[in-house]
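Engineer: Sequence:
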Amino acid sequence: MKLSQYYIPTLKEAPKDADTLSAKLMIRAGLVRKVASGLYEWLPLGLKVLKKVETIVREEMDRAGACEVWLPIVQPKELWEQSGRWTFYGKELLRFEDRKKAGFCMAPTAEEVMTDLVKKDTTSYKQLPFCLYQFGTKFRDEIRPRFGVMRAREFYMKDAYSFAANDQQANEWYQKMYDAYQRVFKRCGFEFKAVEADTGAIGGNFSHEFMVLADTGEDAIANCPSCGYAANTEKAEIQAPADVKIDPAELKPMENKATPKVYTVEDVAELLHVSTDKIIKLLVFTADGKPVVALVRGDHELNEFKFKALLKCNELEKASEEVYTQVTGSFVGFAGAQGLKEKNPSVMIYADNYVKNIVNGVSGGNEKDVHTINVTPQRDIKVDVYADLKMACAGDKCARCGATFNFTRGIEAGHVFKLGTKYSASMGANFLNEKQTSEPMIMGCYGIGISRVVAAAIEQSHDDFGIIWPEPLAPFTVALVAIDYASNPDVKKYADQIMADLEAQGISVLMDDRDERPGIKFKDMDLIGLPHRLVISSRTVADGQCEYKNRKEKESTRWNLTEAVAKLKERIQK
RNA sequence: CGGGGCGUAGCGCAGAUGGUAGCGCGCACGGUUCGGGACCGUGAGGUCGUGGGUUCAAAUCCCGCCGCCCCGACCA
Numbered sequence: 000m001k002l003s004q005y006y007i008p009t010l011k012e013a014p015k016d017a018d019t020l021s022a023k024l025m026i027r028a029g030l031v032r033k034v035a036s037g038l039y040e041w042l043p044l045g046l047k048v049l050k051k052v053e054t055i056v057r058e059e060m061d062r063a064g065a066c067e068v069w070l071p072i073v074q075p076k077e078l079w080e081q082s083g084r085w086t087f088y089g090k091e092l093l094r095f096e097d098r099k100k101a102g103f104c105m106a107p108t109a110e111e112v113m114t115d116l117v118k119k120d121t122t123s124y125k126q127l128p129f130c131l132y133q134f135g136t137k138f139r140d141e142i143r144p145r146f147g148v149m150r151a152r153e154f155y156m157k158d159a160y161s162f163a164a165n166d167q168q169a170n171e172w173y174q175k176m177y178d179a180y181q182r183v184f185k186r187c188g189f190e191f192k193a194v195e196a197d198t199g200a201i202g203g204n205f206s207h208e209f210m211v212l213a214d215t216g217e218d219a220i221a222n223c224p225s226c227g228y229a230a231n232t233e234k235a236e237i238q239a240p241a242d243v244k245i246d247p248a249e250l251k252p253m254e255n256k257a258t259p260k261v262y263t264v265e266d267v268a269e270l271l272h273v274s275t276d277k278i279i280k281l282l283v284f285t286a287d288g289k290p291v292v293a294l295v296r297g298d299h300e301l302n303e304f305k306f307k308a309l310l311k312c313n314e315l316e317k318a319s320e321e322v323y324t325q326v327t328g329s330f331v332g333f334a335g336a337q338g339l340k341e342k343n344p345s346v347m348i349y350a351d352n353y354v355k356n357i358v359n360g361v362s363g364g365n366e367k368d369v370h371t372i373n374v375t376p377q378r379d380i381k382v383d384v385y386a387d388l389k390m391a392c393a394g395d396k397c398a399r400c401g402a403t404f405n406f407t408r409g410i411e412a413g414h415v416f417k418l419g420t421k422y423s424a425s426m427g428a429n430f431l432n433e434k435q436t437s438e439p440m441i442m443g444c445y446g447i448g449i450s451r452v453v454a455a456a457i458e459q460s461h462d463d464f465g466i467i468w469p470e471p472l473a474p475f476t477v478a479l480v481a482i483d484y485a486s487n488p489d490v491k492k493y494a495d496q497i498m499a500d501l502e503a504q505g506i507s508v509l510m511d512d513r514d515e516r517p518g519i520k521f522k523d524m525d526l527i528g529l530p531h532r533l534v535i536s537s538r539t540v541a542d543g544q545c546e547y548k549n550r551k552e553k554e555s556t557r558w559n560l561t562e563a564v565a566k567l568k569e570r571i572q573k
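FYI, in numbering that gives the first Met the number 0 the residues of the first sequence are 0 to 573.
No lab work stands behind these hints, which were simulated from the structure alone. Where a beta carbon is used, it is the ideal one built from N, C-alpha and C, also for glycine. Keep in mind that the hints are not guaranteed to be accurate.
Simulated restraints, written as ranges between beta carbons of each label pair [unchecked claim]:
#1 Glu190 <-> Thr54: 17 to 25 Å
#2 Ser36 <-> Val243: 45 to 53 Å
#3 Arg408 <-> Glu12: 22 to 30 Å
#4 Ser319 <-> Asp61: 51 to 59 Å
#5 Lys342 <-> Arg143: 24 to 32 Å
#6 Thr54 <-> Val273: 55 to 63 Å
Full structure from sequences and hints, please.
Structural biologist: In structure tokens form, the structure reads like this:
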């Protein structure tokens with residue numbers, strides 16, 4: 000392909016609303032353009048990469064034995080009412096009416112249509128198990144789209160759904176998909192990790208996220224170097240610290256200190272000359288409307304996912320100021336749990352395991368501008384439940400083996416869920432088993448954000464000059480920079496020849512044949528980030544040579560023109 | 001939805017105290033250049049987000065609306 004005929008509008012400067020590195024590079028390199036918040040146009044170069052990812056995913060889905068289908072993006076309200084998500088799914092579900100005032104939505108995912116499709120034709124255990132998948136546009140009306148195509152409202156996804164007659168079959172499909180995902184991300188050339196994850200709004204029994212590792216990733220991952228356990232920090236189970244034996248002689252009596260206008264943990268610690276791990280943070284939530292109190296150490300963060308799981312509630316929200324005051328009898332920021340149970344016996348107090356070991360700590364003083372020092376929870380606070388409630392952080396130990404976690408960051412590119420019977424039961428996707436009884440199918444669902452994978456590839460692999468595509472995803476394999484193409488017939492002859500030879504061997508080439516200065520051509524090619532670069536110019540042609548450079552490397556080498564194609568072939572991954 | 005910021009040429013920006021719009025990049029034409037985003041000259045390109053108000057006069061001041069971005073809840 001000649002660049003002069005291709006549509007690659009590159010930009011020297013990124014638009015100011017591009018917020019992430021990959022978003023900036025995708026726009027600058029002419030992969031995408033933005034039409035509106037969270038809505039993108041994919042240009043030829045970007046689409047090529049998208050298709051490469053799609054092809055890899057399709058091949059691995061087929062290899063795993065899944066069958067491709069194509070489902071509508073506009074879906075009827077009735078199906079969503081059957082699953083209960085018409086009301087349960089938040090505002091991310093874009094709902095609308097057709098001319099007959101019938102309700103529809105733009106599909107954010109496809110459990111409903113897929114389950115509906117399957118239940119009509121599947122009636123016997125003899126037909127199970129199987130797995131269907133599709134590629135398609137998904138729409139989620141995100142409150143705040145961000146990070147370019149990584150969190151767009153409209154995005155391209157592969158979603159697969161497995162249906163099984165029993166747990167064993169269901170687990171086998173989960174494993175097949177898990178393995179297929181391993182192959183997909185390996186083939187994409189990624190550094191990645193499969194981690195245990197929270198099941199979130201999709202619901203279900205258990206799940207893994209496939210994280211593309213990148214320092215700029217949105218998610219933090221805890222991994223155990225000893226037993227291999229890896230989990231999103233939202234989920235990572237932490238070993239409770241060993242109980243500390245408290246020496247009664249150490250304990251000091253509680254005492255109130257004036258701390259006017261001091262609100263943050265850091266400020267309190269500084270004013271009172273204690274470290275933040277001595278501070279007991281009190282948080283008030285409403286769990287399905289009922290107020291609850293949570294305590295965590297000042298240097299820790301409460302993990303709402305864990306708290307929610309512990310409470311087994313549907314909705315967990317930070318309490319309003321009124322509720323806070325009502326529950327604690329104090330002002331926001333100055334409540335302490337000492338004596339709280341005595342004052343308000345109906346309120347449940349939950350505390351993170353680490354709070355148990357605080358001795359002579361600091362807590363809110365239950366008065367405006369006052370904190371209480373020498374609070375020792377074991378003596379002074381009636382905690383109902385101690386549990387693992389904190390976000391995993393540096394120094395935490397693996398709940399399974401006790402080794403200290405390592406932390407990395409990643410981008411969630413794929414997610415596998417074991418759904419169980421959540422949708423099949425509510426939507427009546429039943430089958431008849433050997434014993435003539437009807438039971439719901441056991442489902443699994445498996446997603447890969449294809450458009451997000453493209454952005455993730457860039458987040459993981461780039462430098463100051465631009466993108467560095469992993470070879471399997473590169474829009475073209477070879478960049479052929481033909482300097483003096485327009486003015487030197489020899490350059491034109493050899494460049495055309497090499498391009499034709501490469502293309503004849505199935506190697507894709509993008510040749511810059513434009514009548515531009517060399518600097519512009521180099522800069523553009525670096526930005527676009529094709530893995531292999533060949534330069535042909537008056538200079539090299541005079542010596543019967545060309546110049547080769549890998550995008551990842553700094554140094555280039557000279558090759559004879561006659562051997563260029565063969566040498567290049569050696570370097571290209573098959 | 002709550003808090004903060006912004007909307008002026010394709011992109012990045014400047015336009016105190018109101019006087020009818022400019023710069024850099026990019027684009028077109030001519031010339032000099034030609035291995036890491038050259039230089040000179042000429043030129044095209046703008047309902048200043050939008051609706052209203054104040055005023056002799058509004059990009060500028062006031063009000064409404066819309067859009068976009070950042071911080072929080074969602075997620076592939």
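Engineer: Output the numbers, in ascending order, of every earlier hint that fails for this structure.
Structural biologist: 5
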